Every structure is written in C-alpha cells, then in structure tokens.
Amino acid sequence: MDFTQSPASRHSLRRAHEDFVDGICGARKWAFLALLDIKMRYRRTFLGPLWITISTTTSFILMAMLFSAVIQNDIHRFLPYVGGGMIVWSFLSSVINEAPGIFISSQHIIDSVKQPLTTHVLRSVCRHGLIFLHNLAAYGVVCFVVDHAFDRHALLLLLSLPVLFFTSYFLALLLAMIGARFRDIAQMVGIATQILFFMTPIFWRQSDIPGGRKYWIFANPIYHLIEIVRAPLMGKPPSLLSFAVCGGLLILAGLSSYLVFLFFRRRIWYWL
Amino acid sequence: MSRITLDHVTVDIPVYTAKSRSLRHRLLSSRIGGQIGLAGGDRVVVRALDNVSLEIEAGQRVGLIGHNGAGKSTLLRIMAGLCEPTDGTVLTQGRVSSLLSMNALMDPEMTGRENMDLVGAMIGIPSRNWGKVCQEVAAFTELGEFLDLPFRTYSSGMRLRLTFALLTLQNPDILLLDESIGVGDVRFSQAAAQRMADLTRNSSIVVVATHSKKTMRALCSSVIWMEHGRIRAFGPTDEVLDAYIASQLDEPSEPQGTPQIR
Numbered sequence: 001m002d003f004t005q006s007p008a009s010r011h012s013l014r015r016a017h018e019d020f021v022d023g024i025c026g027a028r029k030w031a032f033l034a035l036l037d038i039k040m041r042y043r044r045t046f047l048g049p050l051w052i053t054i055s056t057t058t059s060f061i062l063m064a065m066l067f068s069a070v071i072q073n074d075i076h077r078f079l080p081y082v083g084g085g086m087i088v089w090s091f092l093s094s095v096i097n098e099a100p101g102i103f104i105s106s107q108h109i110i111d112s113v114k115q116p117l118t119t120h121v122l123r124s125v126c127r128h129g130l131i132f133l134h135n136l137a138a139y140g141v142v143c144f145v146v147d148h149a150f151d152r153h154a155l156l157l158l159l160s161l162p163v164l165f166f167t168s169y170f171l172a173l174l175l176a177m178i179g180a181r182f183r184d185i186a187q188m189v190g191i192a193t194q195i196l197f198f199m200t201p202i203f204w205r206q207s208d209i210p211g212g213r214k215y216w217i218f219a220n221p222i223y224h225l226i227e228i229v230r231a232p233l234m235g236k237p238p239s240l241l242s243f244a245v246c247g248g249l250l251i252l253a254g255l256s257s258y259l260v261f262l263f264f265r266r267r268i269w270y271w272l
Numbered sequence: 001m002s003r004i005t006l007d008h009v010t011v012d013i014p015v016y017t018a019k020s021r022s023l024r025h026r027l028l029s030s031r032i033g034g035q036i037g038l039a040g041g042d043r044v045v046v047r048a049l050d051n052v053s054l055e056i057e058a059g060q061r062v063g064l065i066g067h068n069g070a071g072k073s074t075l076l077r078i079m080a081g082l083c084e085p086t087d088g089t090v091l092t093q094g095r096v097s098s099l100l101s102m103n104a105l106m107d108p109e110m111t112g113r114e115n116m117d118l119v120g121a122m123i124g125i126p127s128r129n130w131g132k133v134c135q136e137v138a139a140f141t142e143l144g145e146f147l148d149l150p151f152r153t154y155s156s157g158m159r160l161r162l163t164f165a166l167l168t169l170q171n172p173d174i175l176l177l178d179e180s181i182g183v184g185d186v187r188f189s190q191a192a193a194q195r196m197a198d199l200t201r202n203s204s205i206v207v208v209a210t211h212s213k214k215t216m217r218a219l220c221s222s223v224i225w226m227e228h229g230r231i232r233a234f235g236p237t238d239e240v241l242d243a244y245i246a247s248q249l250d251e252p253s254e255p256q257g258t259p260q261i262r
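Keeping their order, the protein sequence lines are chains S and R. FYI, the numbering for the first sequence is 1 to 272, going by my numbering. FYI, the numbering for the second sequence is 1 to 262, going by my numbering.
Just so you know, the hints here were simulated from the structure itself, not pulled from any lab data. Some hints here could point you the wrong way.
Taking lysine-lysine and the DSSO-like style, the derived pairs with C-alpha atoms no more than 27 Å apart in a straight line are [stated by the list, open to error]: (1) S:K214 <-> R:K132; (2) S:K39 <-> S:K114; (3) S:K214 <-> S:K236; (4) R:K132 <-> S:K39.
To give an idea of the interface, some chain S residues facing chain R are shown, with a C-beta separation under 7 Å as derived from the structure [to be verified]: (5) D2; (6) S6; (7) K114; (8) R266.
All figures in this text were calculated on a predicted structure; none of them were measured in a lab. Using N, Cα and C, we set each Cβ at its ideal position, and we do this for glycine too.
Based on the sequences and whatever the hints tell you, model everything.
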C-alpha cells in the first residue's frame, strides 16, 4: 500500500518489478475483466457469445471446402488441419493487432485508478485466450462430425497451450509499450500480420513448398507457434525444431518485455 | 498512519506530436496553463509541477484551488501514484482511493450493480467483504431500483452518488477527489461532507480539487493554492481562500495562469 516514487532507479525499478509480478498474480482481476469484456460485447444479442463460435466455425468450414477443392484434397482430412491453423492464427493475430493500442485505449483507467499496468495487457490476452478456448471446443465438435479422432498426442496441448499463451502475453506487453510511445507501430503491425497470414501455412501445407525453399516456413516464428498446437490436434507430435523455436521465443520475449518494462514503466503514463 | 510527503517534485509532461514545432508556437501564444519549454531538440515540454514540496498529515482535509492548468490534477495524480515524478520524491503511506476522472471506469451499458462489481474488481476489494460493501453503497446512494438500470440512464448527480459511495465506503486511508464533486445536490453534499468528516476522524486524509469556494469552506481544513505548477500558499482554509479571492480582484484583466516560457 505504501509507496515511494522517484526517478531514482532503485525506486522506479522496484516499482516496475512489483507491477510486473502483481499484474500476473492478480489473476482474479484480469480474468474477471476479460470475461466482462466478452459478456459486454454480446450484450443484447440473441445468441450471445455463441456468435464467436458460429463465426469461426462457419469460416473454417467454408474455407476448408473451398481450399480442398482448389488444391484437390480430401475435405475430411483437410478440415481438421485448416480449422486447427485458423483458430490459433485468429488468436495470435488478434492479440498482436490489439497489443500496440492497449495502453492507449486503457488510458482512462490508467489515469484514474492505481493498479498494475500489466493488468491491461493480461486482460486483453485473457479475453482472446477465452475466445480461443471457445473456438477450440467448437473445433472439437466439428472434428467429431467429420470423424476426425484425436489421439494421445492431443495431451501435448497441456504443454503447448501455456507456451502459446505466455509467449503471446510477453509479445503483447512489449508491443503495448512500443505502441504507446511510437504511434506508427500499430499501423506497421497491422500490415505485418496481413502479410504473415499469407506466409504462414494455414490454408496450405508446408509440404507444398519444395525442400530447398522451406526457409520461408522455418524462419517464421508464427508457423512454429501454430504448429505446436496444430500438430497434436492432427495426431502427431510437433517437430523438435518447432518446440525449440517456441521455447526460445518464450524466453526471449519474456526477458525482453520484462527488461523494457523495468526501465520504461515510469514513462508509460507520460506517453499517453 | 496515513501521510503524503512530496519532496521537490517536478513533473515535465512531454507533448509528443508529429508537428511539435507548429504546436509549440500555438502553445506559446496561449494564455492559460503551466509553463511550457523546450527539452532538447524539437520536443515541447509542459512543466505541470515545478519543485513542489509539501506534507499532508493524517486527519487533514485539504482543498486544492487554482486556475485551469495550475497543476491541481497533476498533483492529485502524483499523490495517487498514477504517474511517477520527473524529479523529486513522493512518499505515500496508506491505502489510496482515487477515481480522478469520476466516470472513467463505469461502463454506460452496464447496470449500476454491474458497475459496482467492475469497480470492486478494479480496486480489488476482498470478495468476502464485497456483499457488505454493496449493501452499504446501495444505502448511501439512495438509488434504489435505479441500480438495476444501465449506467447511461443516470443523471450526473446520480453518477456522482454511485462513484462517491464506492470510493469512500471501503474506508480508504487517503481519498483523492477531482472537480466533479461539485455536481451533487444539497442533500448529497451534506451526506458527502459527513462521510468525509467521518473518514478524517479515523485519521484518513482527504484531498479535493474544486473551483467551488463554498464546497471548500464546508469540507476542508486547509487549502493549497496552486499557480503555474507551484504552491503559492498552503494554510488554513479561510486565510488562503481570502487571499486567493483578493488576488483575483486585484488583477481582473490578467489571467493568473499566463504561461512562463523556459
């Protein structure tokens, strides 16, 4: 409750560290806020949050039908692949797209109630995480309908989902800080996600690219993030490379967002 | 024991803009506000607080007065710990309750009760007390069935009742209030004054920024008079208020906040 604030580094670094830890520990707060966001968005609609499920399932069923026709593939095999890729992609892209504007759009809260700044980022990531889990359940139902069975590899999700969530949280925190200071970042991120969508094997398979040019895929961290979730759903283990890249990304994003937050937390209020 | 100590606190707010030069010229010609200067290069900096030192002890009810842009809101934000000073040290002891832009947190689409849950989650009231707090809030606001209607249907006075009740009923050690306190009706003002008196009797600190001298005389034991981001005077309510009014009568044509360029 008591606090001392000054530009002296021992004070400001300690406050930033406390903010970082308190934010994550205040799970009840950000989970409540995230749930509330979802509830509010679908308030006064007839179907409520069921709309999330409807929009995702419709789009991946239609996309799977279309693309299995385009590349002449069997829809029963192709649909679980496209669906798995799409739900992870839509989670990642919405987190990344929203991130640069988080502090800016939470300005009214930051300016009136004292609480960990990380809460706002956690709230956003948690909201998209909840939508993702919602979609995952719908995906399960669709897979059941097309007779796609999950096997023991699906248990790998217990490892890969936390990796996915934490990595995207750290990335979002980093982007939120940079985006608050440099307003052009939001635009750049928007363009980048659009391009990444086409560069990532979601509607096509990595086997569609000839061996010598696979670097297009392997150099793309988004591919690995999708793969560690999608492969277990398809009944095979993700490649070690994918796990290694995701682990590395998690550590890198965690460290860099922590350090940037440590040194620049005190400036965030001034950037808004 | 609650206490607020500010030691040589300065707040420089940089104005980031794609065209800082042209904005700079515009700001220089404006007649109200704090001091505007240049921090290296093209960046425009507004000095919102300039070397402010003060100490507020437990049990004090302090009013903040001064022109628009004199630094009242920034001072409140510094006390609340919302922003960190550019220079100097802030020491705050005690649990701070602040809702500086009163309606900021409330969602207009949600009912009064849902908003109570929202604010409760934000300020982090332990859930075992929450039911009791809610009942107290409902009683204090006298909103009755309105609590089940969306917040957007509330009048500004009703909004104030709800936010004020939420802020004070969790017994904060330090209560910080911005200008909006003025919109309540007479009945509310009396209840609010009573509530603040109770708080300070329990050795809390209340700091209120308001332009209403009447509110200030009714609520505050002492007043801080801000000018150009500095403290012009800090003393007993009547003394400071009289001096403030006198200074306004003396120089009616000269705006108090004429910016100083560094």
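Tested hints:
1. As the CA atoms of K214 (chain S) and K132 (chain R) are separated by approximately 62 Å, the hinted pair breaks the 27 Å bound.
2. Only pairs whose Cα atoms come within 27 Å are accepted, and K39 (chain S) paired with K114 (chain S) is accepted, the gap being roughly 25 Å.
3. Annotation: proposed proximity of K214 (chain S) to K236 (chain S) holds, straight-line Cα distance about 20 Å (limit 27 Å).
4. The straight-line distance between the Cα atoms of K132 (chain R) and K39 (chain S) is roughly 25 Å, inside the 27 Å bound, and the hint therefore holds.
5. With a cut of 7 Å, the hint placing D2 (chain S) at the interface with chain R holds, because the nearest CB-to-CB distance is about 5 Å.
6. The interface hint given for S6 (chain S) holds, since its Cβ lies 4 Å from the closest Cβ of chain R, which is under the 7 Å cut-off.
7. Look at K114 (chain S): its Cβ gets to within about 5 Å of chain R, closer than 7 Å, so that hint holds up.
8. Annotation: R266 (chain S) was flagged as interfacial toward chain R, and the flag holds, the nearest CB pair being 4 Å apart, inside 7 Å.
Consistency note: the structure conflicts with earlier hint 1 alone.
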